[in-house]
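There are 2 protein chains.
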Amino acid sequence: MPSTNLTFQNRAEHRAWLATQAALPAGFRVGTTRFDFTPCEAPKPAKMTLTLIALEKPTADFAAMFTRNAFPGAPVIVGRARLGEPALGAIIVNNKISNVCAPGGVEASERVCAETARLLGLVPRAVLPCSTGVIGWTLPVEAMVAALPAAAAALSAGSVLPAAEGIVTTDLYPKVRRATVGPGSIVGIAKGAGMIEPNLATMLVYLFTDLAVPRDTLRAMLVRAVGPSFNSISIDSDTSTSDTVVLVSSGRVPCAGLAEFEAALTQVCRDLAEDVVRNGEGVRHVIRVAVTGAPTAELARALGKAVVNAPLFKCAVAGNDPNVGRLVQAVGKHVGAHAPGTDLSRLRATMGGIEIFSGGVFRLDPAKESALVAHLRGAELYPSAPPKDGVFSAAVDFPPHERCVEIGLDLGVGSGAATVLGGDLTHEYVSENADYRS
Amino acid sequence: MPSTNLTFQNRAEHRAWLATQAALPAGFRVGTTRFDFTPCEAPKPAKMTLTLIALEKPTADFAAMFTRNAFPGAPVIVGRARLGEPALGAIIVNNKISNVCAPGGVEASERVCAETARLLGLVPRAVLPCSTGVIGWTLPVEAMVAALPAAAAALSAGSVLPAAEGIVTTDLYPKVRRATVGPGSIVGIAKGAGMIEPNLATMLVYLFTDLAVPRDTLRAMLVRAVGPSFNSISIDSDTSTSDTVVLVSSGRVPCAGLAEFEAALTQVCRDLAEDVVRNGEGVRHVIRVAVTGAPTAELARALGKAVVNAPLFKCAVAGNDPNVGRLVQAVGKHVGAHAPGTDLSRLRATMGGIEIFSGGVFRLDPAKESALVAHLRGAELYPSAPPKDGVFSAAVDFPPHERCVEIGLDLGVGSGAATVLGGDLTHEYVSENADYRS
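Just so you know, the sequences run in chain order A and B.
Residues in the first sequence are numbered from 15 upward in steps of one, following the numbering used here.
Residues in the second sequence are numbered from 15 upward in steps of one, following the numbering used here.
In short, the hints are calculated from the structure, not lab data.
All residues carry an ideal CB built from backbone N, CA and C; glycine is no exception.
Be careful, since some hints might not be right.
[Claimed, not checked] Derived CB-CB ranges, DEER-like: (1) Pro354(A) / Glu70(B): 35 to 41 Å; (2) Ser407(B) / Glu121(A): 48 to 54 Å; (3) Gly426(A) / Gly355(B): 24 to 30 Å; (4) Pro57(A) / Arg48(B): 41 to 47 Å; (5) Glu312(B) / Arg29(A): 47 to 53 Å.
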């Protein structure tokens, strides 16, 4: 699934590689600024970063997909309306507060858009707003408006990295992926570490290209690219109220082959999706479940999700414990509750390529147990270290490798297939989320 | 929902109360034995307890419900067949290994039943087998057969407590609840702490009564009693492969009022269900979600489940952090994915009786924030203490109180209602499950 097999020894090595990915396609500029403010619901000092993405010339060729959460954030409500506008000229993103169901939320988003438009000489409806962070709090609109000129002044055409860094919240490191298509390129950045089980869209993801692809084609391609990438991952089964994927073309470079463009787009989405999981909150093992032989692709994906969302299996993986009984439990839970009657008699399950279940029974012995433990240890991103104060935190701020705990589930009854990525459930996840707002 | 409002200062107080609940109804005896063995899949020493429950006279009046997991354990397969038998004379339960999809699993269960029957002078099909513990391992049949005579020799009519203690695995304390109906009684015991989101049946639960209620009536009542009790809880969204609820009448006491009997049965089931959640793996806060005004009772229950299964909300509760944005996220996630079109415009949400959301927006301020923190702290069972070795464990082996984090969700559009219980997501849960088999 990944297009790379990277390893990094430290943050500096990772940063150097990110720099090789980060050149902005022609026609885009990014700028950020960071400022202090006090949230009115919980008055203590906080920091917000504004990330401004501007096109040198507004474009009709843009696509966006949004969360299916029934309580979408105000920027998602505004963003859906923007899809009907003739052109997009800029995107303004804030972190820290997601502006979801906050009193006056839509008006706040529109005010930020209007000020952004004024600074850039655009109409307000040419600006797409995005917010991520705490749900329920209100945006500090005046402080944001005051900070906007600094973001505009910082606009630069060199690298996407400031934007990749600006949009993060609990992410440990920025996520940038690129693909070249002839003389043009696609560059994507993503933010997201928790509340990640996208449903038809995801997190905050921005994909920029200088290749000229018309609006309708872009939109259809984005729908197809999101399926096997962002819609095939889950960190914690929670679906953000702010998930947004945006794809924008500056149209500077003629696109010779649409098929090649779509393949590159899909690969960038898949790589970013895997980056998001690998940097998921508390994730110490990435779990990749390849489901084959299912009656349908939908069931294949649902079974993969059932495995990566099963808390007991996730905990076992965290402990390098090949408790494969919990894996089969998760499959049976989903089928029993949602797909009764599915033929599981030919299920063959593997972990790290080792057969653990076939013909209706487990195939376990002490030698396999040892090999499974070795596979789990080999996929660990970093070992968990008991901290003195009980608050566990990640030991790395870069991705040390791209190995996964490899699960295979072949139902042997059809041609439905899907690959789903998820993470383990760790002390680091609990520490991050039992104390995130404090 | 609970019929009691108990508090305990220590294990001895709790034990003394359990003793007041534990008198066996007429016609039942229980006996246990504990022995050492070596699992063949992971050869290191282990201990197993056999719990034998015997009727003085086989009865036609029994009911049982089983897991809907598509990979049921061998005892569940055998148990389903037992429902067609004319009489039940004994139940034999082992912990430590659940006998799920193990080679020769059904034969192993039947062998244990046959030996039990031989000792008690029954036909083998009058014995119901139950197993709980690690999934995938094989039962140590010969060691079990060798231990059975000791369990039979221990049979006693006094107290159900030995059985309540015998069936546990990771439970911190035994669970016993009783109700009296005229001159008779219903006494129930439950085992279960993890892999708990029952689907039409649950965990291991045994309900004994001396009241004479016919088989068909018992079975219909059990289906109805399980809905608002065991089917309305979730500790970790995982559905055990071994869930079993058994209700047996010895028929010794005439039952004057079936309605009174059913009410008592339902209350015992509800109390046991709450006990199971309160003793859930790593649970430091019990979360009770009362959903009202929903279009249907099914949606009400599903929304309650969505809240108690949302990892981010569960973590916030663990940290005494009233991050109610995550609560509303969970509602929106479920509706967006599974019930699109549901009218949420009148949703009113409360925590601890305090309104936090209405009219489409959050209703938060610093004073409410403080009150919400106080509510969360008041419902904490024990504070989490960072251990020196990083392995968190429960600080109590008794239930200190029966308070809950009280969540109210009124959709304001219909008459569907449900109350669902769940727990928080803690370091204690991760410690328990990242290292359970080791």
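To see whether the hints hold, each was checked on the structure:
The hinted range of 35 to 41 Å is satisfied by Pro354(A) and Glu70(B), whose Cβ atoms lie roughly 39 Å apart. Range check, Ser407(B) to Glu121(A): about 50 Å between beta-carbon atoms, so the 48 to 54 Å window is met. Separation of Gly426(A) from Gly355(B) is about 37 Å and departs from the stated range, judged on CB atoms against 24 to 30 Å. The hinted window of 41 to 47 Å between Pro57(A) and Arg48(B) is violated, with their beta carbons roughly 57 Å apart.
Remark: the range hint 47 to 53 Å for Glu312(B) to Arg29(A) is upheld by a beta-carbon distance near 51 Å.
Checked against the numbered hints above, the structure breaks hints 3 and 4 and satisfies the rest.
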